[in-house]
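Enquirer: Chain residues, written in single-letter form:
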Amino acid sequence: MANYSTNEFKGGLKVMLDGDPCAILENDYVKPGKGQAFNRVKLRNLMTGRVWERTFKSGESLEGADVLELDMEYLYTDGDMWHFMKTDGSFEQYAVEKKALGDTDKWLKEQVVYTVTLWNDNAIAVNPPNFIELEVTETDPGLKGDTAQGGSKPATLSSGAVVRVPLFINQGEVLKVDTRTGEYVSRA
Amino acid sequence: MTVDWRPTAEIATLRERARLLAEVRAFFAERGVWEVETPVLGHGGSTDVHLASLSCEAVTPSGRERLWLQTSPEFHMKRLLAAGAGPIFQIARSFRDGEVGGRHNLEFSMLEWYRPGLELDGLMAETEALIRRVLPSDPGPLRRRRYRELFREHLALDPFREPLGALRRLAAETGGLGMAEATRDDCLDLLISLSIEPHLGRDGIDVVVDYPASQAALARRHRDPEDGEWVASRFEVYRDGIELANGYDELTDAEEQRTRFEEDNAARRAAGLPEVDVDERLLAALEAGMPAGSGVALGLDRLIQLALAKAGVAEVMAFATPRA
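Quick mapping for you: the protein sequence lines, in order, are chains F and L.
Note that our numbering gives residue 106 to position 106 of the first sequence, counting from 1, and the numbers run on in steps of one.
Note that our numbering gives residue 137 to position 137 of the second sequence, counting from 1, and the numbers run on in steps of one.
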């Protein structure tokens with residue numbers, strides 16, 4: 001991969017840092033009146049999801065990371081690996097480890113399209129769509145007539161996620177949920 | 001795709017900018033400091049290791065040659081001083097390669113002025129008066145802060161005495177980067193940039209003085225009254241965490257100046273940076289004799305940004321470089 005110097009750093013660029021692929025989030029140039037210039041850089045470690053703040057001397061460079069983000073449809077799990085398929089018509093499949101799946105495991109539904117991050121052609125992260133429709137598999141019986149605001153109760157969804165829902169929701173209903181906040185949005 | 005042709009500043013902002021420029025010119029007219037214009041392109045560039053000059057080739061009366069875009073109007077203005085100009089100011093377009101960010105633009109307006117016969121304290125007071133004239137409301141009192149004092153206060157260390165190893169460790173920890181090979185000045189630059197500057201000028205105007213002698217650039221040096229350590233006769237002015245101005249008790253000794261240019265180019269070679277042609281005409285002017293005095297360079301775009309409460313310099317420039 002090519003090397004990128006600090007003055008080529010911009011949001012979205014993928015670089016290698018401490019052996020991990022990272023995405024640059026922000027790059028700020030700081031320079032004392034008459035001295036060495038630095039770049040304050042915020043990066044997301046794509047392996048762990050953690051945000052790092054690092055400073056570089058201006059002009060230093062980092063190796064680019066061979067990272068791709070692709071749309072893939074979730075197929076099935078065999079218990080060890082989770083299998084996804086490209087949506088570009090190639091039918092190419094990728095097996096994803098539990099570690100790479102991370103928190104997305106509670107938002108999995110067959111035939112839904114996820115964003116899979118590949119590093120050197122290995123899946124390292126899976127992100128769900130912002131909104132997903134899932135069936136309620138378990139919750140206390142709905143309260144008739146309670147359609148206004150008021151209390152909420154936990155409901156378990158078909159993917160395993162537990163979300164707070166209004167009291168009127170019943171088992172078997174399909175709900176629209178925001179995967180970023182884990183909050184109920186509406187009935188689907 | 002639509003081409004982004006619109007200015008990076010609002011038209012109303014640019015009108016305000018025009019008003020402030022007129023205010024700056026009136027300030028100097030009242031004080032008998034006259035306005036000059038000097039070339040943007042010159043045969044010599046800035047050797048400063050931390051400034052990257054742009055250059056171009058052009059046909060001149062002596063054929064095709066390399067010319068440097070000025071990083072500041074300093075050298076030409078000093079030659080005017082040596083020729084007997086007296087107090088002068090300039091609003092000069094200046095160029096610095098690689099300086100990109102909220103407070104930086106590849107080209108910018110430098111307000112630079114020189115006061116032959118005036119000591120650094122007098123120039124500091126004049127700089128303060130100019131800033132107060134441009135800012136719309138009282139920024140609060142001026143505080144004079146010694147470089148060493150700031151390090152003691154914010155980092156509990158003496159920047160002149162702290163062992164290099166400990167400085168490197170602290171700089172590495174603060175910045176999250178390797179500083180094992182860093183020089184003392186690089187460590188201090190990092191620490192002042194990240195740990196001190198953001199706090200300066202928050203409830204007034206902070207003027208930092210008595211910089212390390214190694215950071216003198218084109219300023220004279222004097223002895224620190226505290227313990228006789230050499231320090232640079234320079235000041236920097238901060239407001240809202242932003243560095244606004246850099247003032248010098250100007251070096252007038254041609255020999256000393258030549259030595260510093262050569263040291264700069266040696267440091268450039270060591271760092272693998274291109275050497276810059278030394279401005280022989282400046283050295284000749286200093287040899288002929290430049291009157292002692294002080295001079296200051298102020299980032300006019302930053303001052304206007306503060307005066308108009310904008311988030312970055314691009315918002316007070318008609319067309320910042322990405323849209324130029």
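Quick caveat, the hints were computed from the structure, so don't treat them as lab data.
You may find that some hints are simply not true.
What the hints assert, rightly or not - Label pairs and their calculated CB-CB ranges:
id: 1; chain 1: F; residue 1: M47; chain 2: L; residue 2: E149; range: 25 to 31 Å
id: 2; chain 1: F; residue 1: V185; chain 2: L; residue 2: A129; range: 18 to 24 Å
id: 3; chain 1: L; residue 1: D158; chain 2: F; residue 2: M81; range: 57 to 63 Å
id: 4; chain 1: L; residue 1: R169; chain 2: F; residue 2: S5; range: 44 to 50 Å
id: 5; chain 1: L; residue 1: E153; chain 2: F; residue 2: K153; range: 52 to 58 Å
id: 6; chain 1: L; residue 1: A180; chain 2: F; residue 2: M81; range: 40 to 46 Å
To be verified - With a straight-line cut-off of 25 Å between C-alpha atoms, the simulated DSS-like cross-links for lysine-lysine are:
id: 7; chain 1: F; residue 1: K86; chain 2: F; residue 2: K42
id: 8; chain 1: F; residue 1: K98; chain 2: F; residue 2: K86
id: 9; chain 1: F; residue 1: K42; chain 2: L; residue 2: K310
id: 10; chain 1: F; residue 1: K57; chain 2: F; residue 2: K86
id: 11; chain 1: F; residue 1: K106; chain 2: F; residue 2: K176
id: 12; chain 1: L; residue 1: K310; chain 2: F; residue 2: K10
We treat Cβ as the ideally placed atom computed from N, Cα and C, and that holds for glycine.
Enquirer: Run every hint past the structure and note whether it holds.
Expert: Results for each hint:
no. : hint                          : in the structure
1   : F:M47 <-> L:E149: 25 to 31 Å  : 44 Å, violated
2   : F:V185 <-> L:A129: 18 to 24 Å : 59 Å, violated
3   : L:D158 <-> F:M81: 57 to 63 Å  : 58 Å, holds
4   : L:R169 <-> F:S5: 44 to 50 Å   : 26 Å, violated
5   : L:E153 <-> F:K153: 52 to 58 Å : 55 Å, holds
6   : L:A180 <-> F:M81: 40 to 46 Å  : 42 Å, holds
7   : F:K86 <-> F:K42               : 30 Å, violated
8   : F:K98 <-> F:K86               : 19 Å, holds
9   : F:K42 <-> L:K310              : 23 Å, holds
10  : F:K57 <-> F:K86               : 40 Å, violated
11  : F:K106 <-> F:K176             : 14 Å, holds
12  : L:K310 <-> F:K10              : 23 Å, holds
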